[in-house]
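*Asks:* This is what each chain is made of:
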Amino acid sequence: MSGATKRRWRDVPLAAVMLGPSLVVLVAFVLYPLGRAVWLGQQRCNVQATKCRSVGWGQYTDVLMSNEFQSAVWVTVKFALITVPVGLALGIGLAVLADKHMRHIGFFRTVFSSTVATSVAVASLMWLFLLQPSVGVLANIGWLNDIFPVIKEPGLLNDKGTALSSVAISSIWANLGFTFIIITAGLQGIPRELQESAFVDGAGGWRRFTNVTLPLLGPTLLFTTVVLTSRAFQAYGEIDLLTNGGPVPQQSTTTVTYLIYGSSSIIKSNEGLKAAVAVLLFVILLGLSALQFRGLGKRVHYGS
Amino acid sequence: MFSRGKYGRGVASIRLVGVSKHFGDVKAVDNVSLDIADREFMILLGPSGCGKSTLLRTIAGLEDPTGGEVYIGDRVVNDVLPKDRDVAMVFQSYALYPHKSVRANIEFPLKVRGVDKVERAEAANQAAEVLGLTPYLDRKPGALSGGQRQRVALARAIVRRPAVFCMDEPLSNLDAKLRAETRAEIVALHHRLEATFVYVTHDQVEAMTMGTRIAVMRDGVIEQVGSPQEVYDTPASVFVAQFIGTPPMNIFPAGALEPGNLLVGGRPEDTTITRDQGVAATVVLVEHLGHEAQVVCAVDDHTRAIVRMNPSDDLPRNGDTVRLNVPVEARHRFDSASGTRVD
Numbered sequence: 001m002s003g004a005t006k007r008r009w010r011d012v013p014l015a016a017v018m019l020g021p022s023l024v025v026l027v028a029f030v031l032y033p034l035g036r037a038v039w040l041g042q043q044r045c046n047v048q049a050t051k052c053r054s055v056g057w058g059q060y061t062d063v064l065m066s067n068e069f070q071s072a073v074w075v076t077v078k079f080a081l082i083t084v085p086v087g088l089a090l091g092i093g094l095a096v097l098a099d100k101h102m103r104h105i106g107f108f109r110t111v112f113s114s115t116v117a118t119s120v121a122v123a124s125l126m127w128l129f130l131l132q133p134s135v136g137v138l139a140n141i142g143w144l145n146d147i148f149p150v151i152k153e154p155g156l157l158n159d160k161g162t163a164l165s166s167v168a169i170s171s172i173w174a175n176l177g178f179t180f181i182i183i184t185a186g187l188q189g190i191p192r193e194l195q196e197s198a199f200v201d202g203a204g205g206w207r208r209f210t211n212v213t214l215p216l217l218g219p220t221l222l223f224t225t226v227v228l229t230s231r232a233f234q235a236y237g238e239i240d241l242l243t244n245g246g247p248v249p250q251q252s253t254t255t256v257t258y259l260i261y262g263s264s265s266i267i268k269s270n271e272g273l274k275a276a277v278a279v280l281l282f283v284i285l286l287g288l289s290a291l292q293f294r295g296l297g298k299r300v301h302y303g304s
Numbered sequence: 305m306f307s308r309g310k311y312g313r314g315v316a317s318i319r320l321v322g323v324s325k326h327f328g329d330v331k332a333v334d335n336v337s338l339d340i341a342d343r344e345f346m347i348l349l350g351p352s353g354c355g356k357s358t359l360l361r362t363i364a365g366l367e368d369p370t371g372g373e374v375y376i377g378d379r380v381v382n383d384v385l386p387k388d389r390d391v392a393m394v395f396q397s398y399a400l401y402p403h404k405s406v407r408a409n410i411e412f413p414l415k416v417r418g419v420d421k422v423e424r425a426e427a428a429n430q431a432a433e434v435l436g437l438t439p440y441l442d443r444k445p446g447a448l449s450g451g452q453r454q455r456v457a458l459a460r461a462i463v464r465r466p467a468v469f470c471m472d473e474p475l476s477n478l479d480a481k482l483r484a485e486t487r488a489e490i491v492a493l494h495h496r497l498e499a500t501f502v503y504v505t506h507d508q509v510e511a512m513t514m515g516t517r518i519a520v521m522r523d524g525v526i527e528q529v530g531s532p533q534e535v536y537d538t539p540a541s542v543f544v545a546q547f548i549g550t551p552p553m554n555i556f557p558a559g560a561l562e563p564g565n566l567l568v569g570g571r572p573e574d575t576t577i578t579r580d581q582g583v584a585a586t587v588v589l590v591e592h593l594g595h596e597a598q599v600v601c602a603v604d605d606h607t608r609a610i611v612r613m614n615p616s617d618d619l620p621r622n623g624d625t626v627r628l629n630v631p632v633e634a635r636h637r638f639d640s641a642s643g644t645r646v647d
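Chains as they are written, first to last, in our numbering: chain A, 1 to 304; chain B, 305 to 647.
Quick caveat, the hints were computed from the structure, so don't treat them as lab data. None of the values given here were measured: they were computed from a predicted structure. Take the hints with a grain of salt, since some may be wrong.
Said to hold, decoys possible - DEER-style ranges, computed between Cβ atoms:
id, chain 1, residue 1, chain 2, residue 2, range
1, A, K100, B, E498, 36 to 42 Å
2, A, H101, B, A488, 49 to 55 Å
3, B, T438, A, V111, 49 to 55 Å
4, B, V384, A, G287, 50 to 56 Å
5, A, I105, B, D383, 21 to 27 Å
6, A, G287, B, G450, 40 to 46 Å
7, B, P351, A, P13, 57 to 63 Å
8, A, H101, B, L589, 45 to 51 Å
9, B, T586, A, I105, 55 to 61 Å
10, B, S352, A, K100, 22 to 28 Å
11, A, F282, B, A425, 46 to 52 Å
What the hints assert, rightly or not - Taking lysine-lysine and the BS3-like style, the derived pairs with C-alpha atoms no more than 30 Å apart in a straight line are:
id, chain 1, residue 1, chain 2, residue 2
12, B, K421, B, K444
13, B, K444, B, K415
14, B, K421, B, K404
15, A, K268, A, K51
16, B, K387, B, K331
17, B, K387, B, K404
18, B, K481, A, K100
19, B, K404, B, K331
20, B, K481, A, K6
21, B, K331, A, K100
22, B, K421, B, K481
23, A, K100, B, K421
Unchecked claim - Where chain B lies over chain A, by a calculated footprint (3+ residues, C-beta under 8 Å):
id, stretch
24, 187-200
25, 205-214
Ideal Cβ positions, reconstructed from N, Cα and C, are used throughout, including at glycine.
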C-alpha cells in the first residue's frame with residue numbers, strides 16, 4: 001500500500017463522523033420514505049391501510065396502462081402547457097416593464113410580486129369569488145355573460161371545456177409574483193453597458209430585448225421554466241379548492257397529483273395504488289427535468 | 305479604407321455650449337462649454353466623480369443634458385437619438401455581447417442598420433484585420449483575453465465608420481504593459497481613421513501621451529483646456545498642476561520661497577536641494593527607481609515636496625534637514641485663496 005492510500009484509509013473514521021449527521025438526515029427523510037413509497041407501490045391495502053399485502057411489481061404496469069392514470073397525465077400535461085409559457089411570458093413582460101429608473105417604481109414592483117405572499121388557499125378562495133356562477137363577480141357583469149353564457153351556466157369551473165383553463169389562470173396568477181421576482185433579479189444582473197452599447201449602435205427597444213435581454217436572461221429563464229413545470233406537475237391546492245378534480249364524470253381537472261391526494265379521487269382509499277402513482281410522477285418529473293436541462297441547457301449562455 | 309461617413313454624416317466637430325447635467329442636487333456637469341475640432345483627439349481628464357464620464361455620455365446621447373446645447377457638426381443634437389448622431393462608444397467594461405461570436409459582435413451595428421450580409425461580412429473582416437482579430441472571429445468573447453476583448457470593442461466601433469468615437473476609460477481594465485501597447489494602437493487608429501476622438505481617462509499618462517488636447521475637469525467644471533505641453537508647462541490652477549505630472553508639482557506655502565502671499569510651485573525635476581538658500585525641509589523618504597531617485601521632504605505638517613535626483617549624486621538620508629529651491633524662471637505662482645495661476 002502506498003503512503004497516499006494509507007493516509008486516505010486513516011481518514012475514513014474521521015470522514016464517517018463528519019458525514020454521519022447529514023447521512024442520517026438524508027436516509028431518514030429522503031431515502032427511507034422514497035424506498036418505502038416504491039415498496040408500497042406494489043402492495044394492496046385495506047381501507048384503513050392497516051393491512052397490506054404484496055400483489056407484485058405488476059401493479060406499476062397496471063397503473064401505467066390504466067385509463068385513469070393516462071387521463072390524469074394528459075390533464076397534467078395540458079395544465080403545464082398552459083401555465084408555464086403564459087406564466088413565463090407574463091413574468092418577463094411585467095419584469096421588463098418594472099425594470100426602469102422611474103419614480104414610485106417600487107410601488108409597482110411590490111404589487112407585481114405580491115402574489116408570492118398569498119397562500120394557495122387564499123388565492124383560490126379569491127378566484128372562487130370571481131368565478132362562482134351565481135354570486136361570483138364575473139357572473140354579475142351583464143354584457144360579459146351575454147358574450148360568454150358559460151360563465152353563468154354551468155359556470156367556468158363546472159364546464160368541462162373551461163374548467164382546466166380557469167384553474168390554470170388562477171395558478172398563473174398565484175405563481176406570477178415568484179416569476180416576476182426571479183426575472184427581475186435576472187434583469188438586474190445584465191450589465192447596463194450592454195444595453196447602452198446596443199442603444200448607441202442603433203438597436204431599438206425590441207431589438208435590444210431580443211439581442212441582449214433575452215439571451216442574457218437564458219439561465220434565469222431555464223431555472224424559472226424548470227421550477228414552473230415542476231410546480232405545474234405538483235399543483236394540488238387550487239384544484240382541490242376550485243374544482244375537486246371535476247367536473248364529473250370527465251374528471252377534466254384531475255391531475256396526477258390530485259389522483260394521488262384528492263378527496264374525490266377514484267383511488268382515494270387505496271394506499272398502494274396512490275404510492276404507485278406517486279412513484280410514477282416522480283419518474284416523470286425526473287425525466288422532464290433532465291430533458292429541460294439537457295435540451296435547453298445547451299443553448300443557455302452562462303456568461304463569460 | 306475606413307473612410308468615414310459611409311453610414312453617417314461625416315461631420316465631426318463638437319461644440320458644447322453651457323452644458324449641465326444635474327442629478328437632483330448633484331451637479332455632475334455644470335455649465336461646461338468646450339469646442340472640439342474635427343479630427344481632434346480630445347481627452348477629458350479628471351479624478352473619479354469629476355463629471356468627465358457624464359459629459360462624454362451627454363455627447364454620445366446616453367444622458368440628456370439638463371441645460372445647454374450639444375452640437376455635432378452644425379446641428380444641435382440634444383434631442384437626437386444616439387444612433388442618429390454618428391457616434392460610436394467604447395466602454396471600460398468592453399460591453400461585448402457574451403452570447404455572440406466575435407464576428408457577430410463586430411457586425412451587430414451594421415446588422416441593426418440593415419446592411420446586407422455580404423457587405424457586413426466584408427466590413428467585419430476589414431475591421432478584424434486592422435485590429436489583429438482575424439484568427440478569433442469565430443470565438444466567443446469569453447474565450448478571449450482582456451486585451452483581445454478590448455480590441456473587439458474597438459473593432460465594433462470602427463466597423464460603422466462613425467465620425468465621432470467616444471471612449472470611456474477603455475484601457476482601465478488592462479494590465480500596465482498591455483495598457484501601454486494599446487495606447488499606441490489607439491493613437492495609430494486615430495491617425496488612420498481621421499475621426500474625432502473624445503477620450504475619458506483619470507490616467508494623466510494616457511492624457512499626456514494620446515491627446516492632441518486635454519480638458520482637465522474637477523467637480524463638474526473644466527479647469528483648463530490645452531495641449532498636453534501647455535497644460536504641463538502652464539497649469540491654470542494648483543489642482544491642474546498637481547493632477548498632471550508624476551510625481552505632482554511641489555507647492556510651497558505663501559512666503560516660504562519668496563515674499564508675498566502667492567503660492568509658489570515647482571516641478572520635482574526643477575526643484576533642487578541646496579546648502580544655504582530656500583525652504584527648510586526634512587527628508588522623510590528616499591526612493592530609488594533605478595534611473596532616478598526621488599527624495600520626499602516634509603516642508604511643514606501639511607506640505608510635502610519631492611525632488612528628482614540622479615541616483616549617482618550625493619543623496620541625503622532620512623531625517624536630514626535640507627533646503628529646497630526652485631529657479632526663478634521655473635516657478636509657477638498661484639493665488640493662495642482661489643488656487644488659480646497668476647502670471
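*Asks:* Does each hint hold? Answer for all of them.
*Replies:* Structure-based check of all given hints:
1. A:K100 / B:E498: 36 to 42 Å: Holds, since K100 (chain A) and E498 (chain B) (Cβ atoms, about 39 Å apart) stay within the stated range.
2. A:H101 / B:A488: 49 to 55 Å: 39 Å, violated
3. B:T438 / A:V111: 49 to 55 Å: 52 Å, holds
4. B:V384 / A:G287: 50 to 56 Å: 55 Å, holds
5. A:I105 / B:D383: 21 to 27 Å: Cβ of I105 (chain A) to Cβ of D383 (chain B): about 25 Å, so the range 21 to 27 Å holds.
6. A:G287 / B:G450: 40 to 46 Å: Taking Cβ atoms as reference, G287 (chain A) and G450 (chain B) lie about 42 Å apart, which means the hint holds.
7. B:P351 / A:P13: 57 to 63 Å: 60 Å, holds
8. A:H101 / B:L589: 45 to 51 Å: About 47 Å separates the Cβ atoms of H101 (chain A) and L589 (chain B), which means 45 to 51 Å holds.
9. B:T586 / A:I105: 55 to 61 Å: 58 Å, holds
10. B:S352 / A:K100: 22 to 28 Å: 27 Å, holds
11. A:F282 / B:A425: 46 to 52 Å: 51 Å, holds
12. B:K421 / B:K444: Cα-Cα ~20 Å, so holds.
13. B:K444 / B:K415: 18 Å, holds
14. B:K421 / B:K404: 16 Å, holds
15. A:K268 / A:K51: 16 Å, holds
16. B:K387 / B:K331: Judged against 30 Å, a Cα distance of about 27 Å means the pair holds.
17. B:K387 / B:K404: 21 Å, holds
18. B:K481 / A:K100: Not OK: K481 (chain B) and K100 (chain A) at ~40 Å, beyond 30 Å, violated.
19. B:K404 / B:K331: Violated - the C-alpha atoms of K331 (chain B) and K404 (chain B) are around 38 Å apart, more than 30 Å.
20. B:K481 / A:K6: 48 Å, violated
21. B:K331 / A:K100: 22 Å, holds
22. B:K421 / B:K481: 37 Å, violated
23. A:K100 / B:K421: 34 Å, violated
24. 187-200: Satisfied; 8 residues make the cut.
25. 205-214: Result for this restraint: holds, n = 3.
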